[in-house]
Structures are given as structure tokens and as C-alpha cells.
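There are 2 protein chains.
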Amino acid sequence: MSQELGITVDKHQDTSEWYTQVVQKAGLADYAPVKGCMVIKPYGMKLWESIREDFNDKITSTGVDNAYFPLFIPESYLEKEEDIVEGFDPEVAWVTHGGEEELEERLAVRPTSESIIAPFMSDWVRSHRDLPLRLNQWANVVRWEATDTRPFLRTREFLWQEGHTAHATEEEADEETMLRLEQYKEVIEDHLAIPSILGYKPEHDKFPGAKYTTTIETLMPDGKSIQSGTSHQLGQHFAEAFDIKFEDEDSEERTAWTTSWGLSTRTIGALIMAHGDDDGLRLPPEVAPTQTVVVPIFQEDNQEEVMEYAKGVVEDLENSAGCGCGNCSCGSDLRIKLDDRTHRTPGYKFNEWELKGVPLRVEIGPNEVEDEAVTTVRRDNGEKEMGVDREEFIDSSKDILEEIQASMYNELEEYLQENIREADSKNDILSTIGKNRGYVKTRWCGKESCEGEIKDQVSAEIVVLPFQEDSKPATIQASEEEIEGECAVCGEEAERWAYFAKNY
Amino acid sequence: MSQELGITVDKHQDTSEWYTQVVQKAGLADYAPVKGCMVIKPYGMKLWESIREDFNDKITSTGVDNAYFPLFIPESYLEKEEDIVEGFDPEVAWVTHGGEEELEERLAVRPTSESIIAPFMSDWVRSHRDLPLRLNQWANVVRWEATDTRPFLRTREFLWQEGHTAHATEEEADEETMLRLEQYKEVIEDHLAIPSILGYKPEHDKFPGAKYTTTIETLMPDGKSIQSGTSHQLGQHFAEAFDIKFEDEDSEERTAWTTSWGLSTRTIGALIMAHGDDDGLRLPPEVAPTQTVVVPIFQEDNQEEVMEYAKGVVEDLENSAGCGCGNCSCGSDLRIKLDDRTHRTPGYKFNEWELKGVPLRVEIGPNEVEDEAVTTVRRDNGEKEMGVDREEFIDSSKDILEEIQASMYNELEEYLQENIREADSKNDILSTIGKNRGYVKTRWCGKESCEGEIKDQVSAEIVVLPFQEDSKPATIQASEEEIEGECAVCGEEAERWAYFAKNY
Chain R
1159 MSQELGITVD KHQDTSEWYT QVVQKAGLAD YAPVKGCMVI KPYGMKLWES
1209 IREDFNDKIT STGVDNAYFP LFIPESYLEK EEDIVEGFDP EVAWVTHGGE
1259 EELEERLAVR PTSESIIAPF MSDWVRSHRD LPLRLNQWAN VVRWEATDTR
1309 PFLRTREFLW QEGHTAHATE EEADEETMLR LEQYKEVIED HLAIPSILGY
1359 KPEHDKFPGA KYTTTIETLM PDGKSIQSGT SHQLGQHFAE AFDIKFEDED
1409 SEERTAWTTS WGLSTRTIGA LIMAHGDDDG LRLPPEVAPT QTVVVPIFQE
1459 DNQEEVMEYA KGVVEDLENS AGCGCGNCSC GSDLRIKLDD RTHRTPGYKF
1509 NEWELKGVPL RVEIGPNEVE DEAVTTVRRD NGEKEMGVDR EEFIDSSKDI
1559 LEEIQASMYN ELEEYLQENI READSKNDIL STIGKNRGYV KTRWCGKESC
1609 EGEIKDQVSA EIVVLPFQED SKPATIQASE EEIEGECAVC GEEAERWAYF
1659 AKNY
Chain F
1159 MSQELGITVD KHQDTSEWYT QVVQKAGLAD YAPVKGCMVI KPYGMKLWES
1209 IREDFNDKIT STGVDNAYFP LFIPESYLEK EEDIVEGFDP EVAWVTHGGE
1259 EELEERLAVR PTSESIIAPF MSDWVRSHRD LPLRLNQWAN VVRWEATDTR
1309 PFLRTREFLW QEGHTAHATE EEADEETMLR LEQYKEVIED HLAIPSILGY
1359 KPEHDKFPGA KYTTTIETLM PDGKSIQSGT SHQLGQHFAE AFDIKFEDED
1409 SEERTAWTTS WGLSTRTIGA LIMAHGDDDG LRLPPEVAPT QTVVVPIFQE
1459 DNQEEVMEYA KGVVEDLENS AGCGCGNCSC GSDLRIKLDD RTHRTPGYKF
1509 NEWELKGVPL RVEIGPNEVE DEAVTTVRRD NGEKEMGVDR EEFIDSSKDI
1559 LEEIQASMYN ELEEYLQENI READSKNDIL STIGKNRGYV KTRWCGKESC
1609 EGEIKDQVSA EIVVLPFQED SKPATIQASE EEIEGECAVC GEEAERWAYF
1659 AKNY
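Chains R and F supply the protein sequences, listed in that same order. According to the numbering used here, numbering within the first sequence proceeds without interruption in unit steps and concludes at 1662. According to the numbering used here, numbering within the second sequence proceeds without interruption in unit steps and concludes at 1662.
Keep in mind that the hints were calculated from the coordinates and are not lab data. Watch out, some of these pointers could steer you wrong.
Just so you know, same-sequence chains aren't split out, so a pair can sit in one copy or run between any two.
[Stated by the list, open to error] Pairs of lysine-lysine, DSS-like flavour, derived with a Cα cap of 27 angstroms:
(1) 1507 / 1403
(2) 1613 / 1382
(3) 1469 / 1556
(4) 1382 / 1343
(5) 1216 / 1469
(6) 1193 / 1403
(7) 1238 / 1193
(8) 1183 / 1403
(9) 1605 / 1584
(10) 1403 / 1238
(11) 1495 / 1183
(12) 1169 / 1183
(13) 1593 / 1660
Predicted model, so just to flag it, every value in this text is computed and none were measured.
Throw the hints in and build the complete structure from the sequences for me.
Take a look at the structure:
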């Protein structure tokens, strides 16, 4: 592979440089002139469109309506909810001039939209019949973060969806919060093939003003955790600040309960990190813009014959599948590419598609033509099968892709389980994180100061409090046993299991 | 109909107030706290999503890749192309602070993205093999316009797509410009059922720095024209300013040709205006979020029976159609709603769905149940058919929707033709516009001053120069005969036909 095309560093030796190279060389993103901002290139955009479509289908089929709220939030609106001001003010980009004129009031470029959506919820909700009100927008947001910006993982402008809902009761708001968290899990685990840990954020780390914040955390190959989505039960805090009231069945005025939840282009960062290897991206078939690439291998004298056979294979593949509706076989849900470029060698093409993470490669040369066969190479494990009967391959190609998807998930699930280590003293926590990274599972009293003692020394923090039998929402499967024992840091009675990790 | 729900003014007597009421009462948009900005409500968003999907399918199947470029453009980037600065500077919203700190350089909130996309094109294009490069983004843009803001029609922030392409030759850039204009025509005419006039903008009214600008104009019921989309051939102007060069087949360095083209949420304004009537919206079936609404009419004693029958009709309808792939009949391309609310009367429901413009209403009461029939009411012409055989209706429902779509287009096409009036003197132009509005077709010498004389007196301008046999792009069907005669204003030799109109 040419130096320019290929990844020149080992993923595990220099994860940071490896990430930068993959993002650029696989054509996912580029650096914008404004520090900390990015350009999402077509290949990266296809990943986002796939994630967006997957999640959008889930929410719109469970009662959510898309809408669009203004980019600009007047400063006075931000100030109506003091936790929001405190939480976001340091990272707000401010518009002060329109054309030549200075504005009377500064406008915030939205860092999140609670403060602009809540007033409209207040307007639109009159009666219990207007509830639940479930809104979502796909939008850009800006947070003027100073440090550690990286394409997808942390950028000053990013794309996301933000859901905002209002409900008549606390219980319904709880259910909503958990439903969206579960749907994030489906996106992350089923679509992106990344296993995850669900749970609460510690009280001191929740969304400004929220009753509680839930998170979906995924473990990266460098042992750091990525928060891949958050879902907040906002209690009645915002409803009170913005006056979201309704008349109930008995004509009594009551205050609504609200939630908000978001998933961003950061998930693309997690996807790259979690699955990539020294040759570049590895994409799970569900999200891959191209699932199968067919590369013909020919000389001048057999070009026509090989190309014709390759085209036939692509056609047969397309005819073998449906459009995703489940009732037909029109082939539009198989994403196949025939690489018929003549100015590139097969070797160059192999490397390029490996770099771009295409899950399945089909090689077709004169031998394959003669044998009515194909050669297949899996991107996930490099497995090559020669002389696969053509008909057999057509029939099984969907199964192969499903197997790749499952196998990529299982590989990471094993890695995740290996990297959750229990510790029961402060020193134990520190040395485990220092030595192995990953998650350190420990009993915790609930005090911020105990987390602080760890944070000060190894810059790891509590990233998630997994749901437990005794403190889990009704709709969630608890993943942790009940707790009994002392806080590993201070020795007082433990309240719950906590997972320490370094994070993005 | 309750005063609150219904439209209280006559569309033709007070179009402006009528528009405002429809936008708000049909749930399309709301006013944002920042003047001139809007909230797109769920029903309005569904219209935008439909337009977006329709156009996105067209461009992605003709070689365009979606990407995403930064919201913020450094002032120095805007200044690299002086026409852009002059054209957009007065309407730029400026970010001057990030968090607490004043920025070293002001950032423009993008009014359009040529200046931020061109530098990346310059980076990404090396060889003739990288051309054509066709990028598009779906994004929000901000233009700090001072006056006449109205939801959808003219807002300071709006949603749009902007396509940006680079080509090896002038001819290819011409073809690209016209291809996208033709695709706009398909969206406007086939999807939104609004007839249009295609052509050039006058030289003095083209996009800043462009070689030429083409436009698609649609006529509104108040006789004003709306520019519904524009496609610009940018020549080599931007490529030179931003250094978009490539090595051709002979290893010579050459400068590329670029185009840009945009369609915005303004089209929703055109849709509302063009088709609405005194009862509210009228939506063509292709773009309608709900195409058919089934309203059961029952008393307490027959509720169960009527509801069951109505549900059966909906099921049968769904089973009668495909998912749009053309190969199956899974029903997902028919957008049907059963209005089973029990706290609203049928009369209220009729009015509400009329207000929201649902193309076809199906009424089902005890009589229909007994007769194995349905009653249908068309929104476009109010035509009511009672006792339509149930099976017959199921079989023909798609045809009815197609007929509504065609009939809505034809109605406007007739209106358009009636409102193109020829004039051959300055007084004739002035009086025709004064009396009738609509388009005034006239011979024009090409001088801005001749347009100015009209503009000064009746605030009408040349909105489009229709394509003519002698000055049309190769791929476009010319709609105008050759010209011979004198400019209606100054009497010098005419260069082409020009359409004067008041516009939005």
C-alpha cells in the first residue's frame, strides 16, 4: 500500500495518531478553519445518515414528531433557568451583530435547546389531551469547548438529535427517559455492534437542572469510556421555570414533567475507535455505506469476460434481497459496489476498501469465471474463502453479513467483560486503573468527595452507576446484583456500584 | 367551525392575513422570540421532510454526495471573494464571543457556503479523475434581513439544501446547472403540483460572482411571483479565488468550473399560498403527510360496529398498495389516518382535516356499514360521493389521489396561463401590472435602467428571462419563441423576452 493511502501507526501503540489518520484517510472528516470544528466528508456523512435513519424510525414509530426550533436563543431565555446558565454559559458562542448593527440583546448559538423549546411547550400544552407532547429535532449545536477537540469525538459544532417531551405524571416521564435510553442501546448495540453499559450519572454530574441523567457508555480500545448518548428526566424543574401547565381530567391545573435526550455525531467517533484496526476502519454491515464490494481481477485479454461475470454476480445479489419492507425482493436493501476502475490495480483496491472498512470483499478473476465461483474475504477477521460456488454465495450472502455483524459485536463484548475489574480499596482502584484502564467496578457511598480523591490522582471518574435491582427503573433489566458492603474510598456504607474509568 | 379553529378571512381579500392564519392554525409554524425567525412545527416539518426526501433521492441518484460544512465562516474567508462580501455582508449575523472570551476574528454564521466549501474543493481536487466533484448539504443558514419577514417565505434563519460542484469544463458546469434546475422543476411541478417558469435572472440580479443564475418562478394567487429555487453557473470565478485546480489528461494544470444551487423552506410558503383556499390548506397527495383520513360517524349504540368497519377499510387500503419499491404491496406508501377520537364531533373533525389540507376524506356511518360502502369527499374541489362500493373504493383509491394531484396542477396551470400578459410599451407594462398583477411579458433591451424605470413606479421587477431558442442551454426545452422588435421601455433593439412581476 502506498504510504499516503495506508495507516502508518499501530492502533494500540498510538491510538490518538491512529484515529486522526483513519478519520482523514478513510475520508470521514476534515479539519475546519475554525479550531475545533470539522467538515463531515461524504463517507462520514453516510454513517451519520444511517444512524439518523435508524434512530429516527424508532422514535417516530413510538410517538415522536420532528420539528425545528431556532438556532438563536436570546440571552434572557437562557437565563430563565439558572442551572442551564451555569452549565452552559462558559461554552456559549454569542452573536452580537446582525449586518452592520449591534443587537440589543446577545443571542446564544444553541448549545442545547431546552430554553427555547420549553416556552413553546408551555404555549402548546393546554389540556391533558395535549400530553404526552413528544418533539425531536435533528440539528447542529455549538459548545465552545477549549481543549481536546477531535473530529466526531469532541467538536465545537456537532450534529445531533435532541428529544424534548412533556408528560402528565412523573411515572410517564420516567418511562419516556428509559424508552429513549433503550432505543439508544438498540442503535449502539444492534446497528453499530458496540456493547454498552447503561445506568445513571452520579448526582453531581447530571444534566443541569435534571432530576436524573441516564447514560449509555461504551468502552474504547484504549480503555477509555465514551458517553454515547444521554437521556434526562428533567422532573418539574423546567416545567416550573417555563410554566408548562395543563388542565387535568378534573379541570385542575397541574405542572407537567419533562425529559430530554440526545445522541450526536460523537457516536461516529465511538464506531471508528471501537472497531477499527491497523488497516483502517472496520464497519459492521448494518451501518456500512457499502456492504459488499466486488473487485474484478483481469488482464487486457480477459477483461470483458471477467467484467461481464462480475456484473452478473452483482445483479444476482441485488435480485436476491428485498427493499427492507419484508414483503418483496427488489434488492434495494443490499448495498453492493462493483469497483470497475481500470486505472487502479486490484491490490490498490483491496487496500482502499479495507481502509474504508467494507465488511465483505468479493474477488472475481478468470479462475472464478471458469469455475462459476467467487472468492470472498471478510474484513472483520481477514478470512478468505476461495472457490465458493456462485449460486451458494448468492444464497448465503445475507447470512455472511449477519454473521460478520454478530461476530464484531461478540469480539467487543468479550473485550468489555475482560475489562470490568472489581476493586475494593482506594489503592486497588488507583492501581487497577493505572495498570489496565477499562472499568473499575467498586462500591461507592455516593459522595462526590470520594470520587474526587480518585479523580485527582488518575483523572478517572465515575462514568456510570449501572442499574441495580433495588434502584432500577421498572422498564429496565437490571445488570447488577444488590450491593452490600463499604465504599472503597471512605469505608462508609456503600450506596451503589460505581464504574470508574478514564473517559472522552 | 369554531372561530378559533377556522380561517376568518377571505384568501383573495386579505392574502397576507389569510397566510398568517393558515400557517398558525394548520400547525405549520410559530413565531420565534428572535424577530424574523420561526419554529417549524411538526406538521410543517413533515412537509419539509417530504420535499427533502424527494429532492435528495433525485440528486443522490445523479452523482451527488451529501456532506456537512461548518456553520461558522471566518471573516477572512468571506473576504476572499469580493462579490460574496458585497452581496452578503449587510445580512451576516456575526459571532464575536466564545464563552467569556472575545474571538480574535469574527465568525460569520453562514449565509451561504461557497466561501467555506470552495477551499476544501481546492484541497480535494488534484486530478481530472477527482472531477466532477458534487457535494450537497442540508443545513440551516442565516440572513439578517430587516424587513418583510414571514414564516417560510422570508425568515432570518431557514433550512435549505445547497449543492456545490466542480467540473473540468464549462460545458459540464452548464449541464450541471441545468440538471439541478430541471430537478427543482420536478419537485415543484410533480411533487408540489405547482406549475413554474424557468429561465435566467437578469445579469444585474444574478448570484454575486456568478456567470449566470437560473431560477424557477411560481405565480402566487395574489399575482406575485416566488423564486422557488436557483441554480448558478459560477464560471471560474470562485475556482480562481479559491484555487480549485486540477491536472488534466495531458498533465496540464487547469482551473475548474463550479456551480451552486439551492432550494429552501420557502417552497413550503409557495405550497401554502398556491393551493390554499378559504378553508385552509389544500395539499397535493404526493406531499401530504396524511393522504386519506377516515372519519367514523357513530352514536353510542353503533360505535363498535362502525369503528370495526372503519378499521377494516383502513386495513384493506393499506394492503392494496406497495411500499414504493414497485415490487410489492406492503402498503407503506399510502398515508392513511383513522380519526378515532371520541371527544370530537365528526363536524369538528371535518373542519380540522380541511384546515390541514388532507386530500381525501372518507366518511363512514351506519349507512355505509349497512351498504358495504363509503362516502368520499375530495379536498381539492369539495366533491362528495355517497354510497361508493367499498371494494371499488379500495381498488380506485390510488387513482383518486392521482386525479387530485393532476387536477390541482391543472387548476394552477390555467391560472398561470391566464396571468401572463404581453405588453409593448412602458405605460402598457405599468397599467397591466397595476390592474392585473401576474406576469407581464415584454421585449427588453437588457439594460438595468429600463427595468429600473418600471421598478421605481410599481415595485415590480424582471423576475425571469425565459429560455429562448437562441439563448437556451442545450438540455432545456425552450419555452419562448425567438425575439424580434424593440425594448418596450426605451425602444432600442430588444435582446430577449422578460417577465416583470411583483415578487416575494
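Consistency of the hints with the structure:
no., hint, in the structure
1, 1507 / 1403, "between (61 angstroms within a copy, 26 angstroms between copies)"
2, 1613 / 1382, "within (14 angstroms within a copy, 65 angstroms between copies)"
3, 1469 / 1556, "within (18 angstroms within a copy, 36 angstroms between copies)"
4, 1382 / 1343, "within (19 angstroms within a copy, 51 angstroms between copies)"
5, 1216 / 1469, "between (35 angstroms within a copy, 24 angstroms between copies)"
6, 1193 / 1403, "between (42 angstroms within a copy, 26 angstroms between copies)"
7, 1238 / 1193, "between (31 angstroms within a copy, 19 angstroms between copies)"
8, 1183 / 1403, "between (52 angstroms within a copy, 21 angstroms between copies)"
9, 1605 / 1584, "within (14 angstroms within a copy, 83 angstroms between copies)"
10, 1403 / 1238, "within (16 angstroms within a copy, 52 angstroms between copies)"
11, 1495 / 1183, "within (20 angstroms within a copy, 48 angstroms between copies)"
12, 1169 / 1183, "within (14 angstroms within a copy, 57 angstroms between copies)"
13, 1593 / 1660, "within (12 angstroms within a copy, 74 angstroms between copies)"
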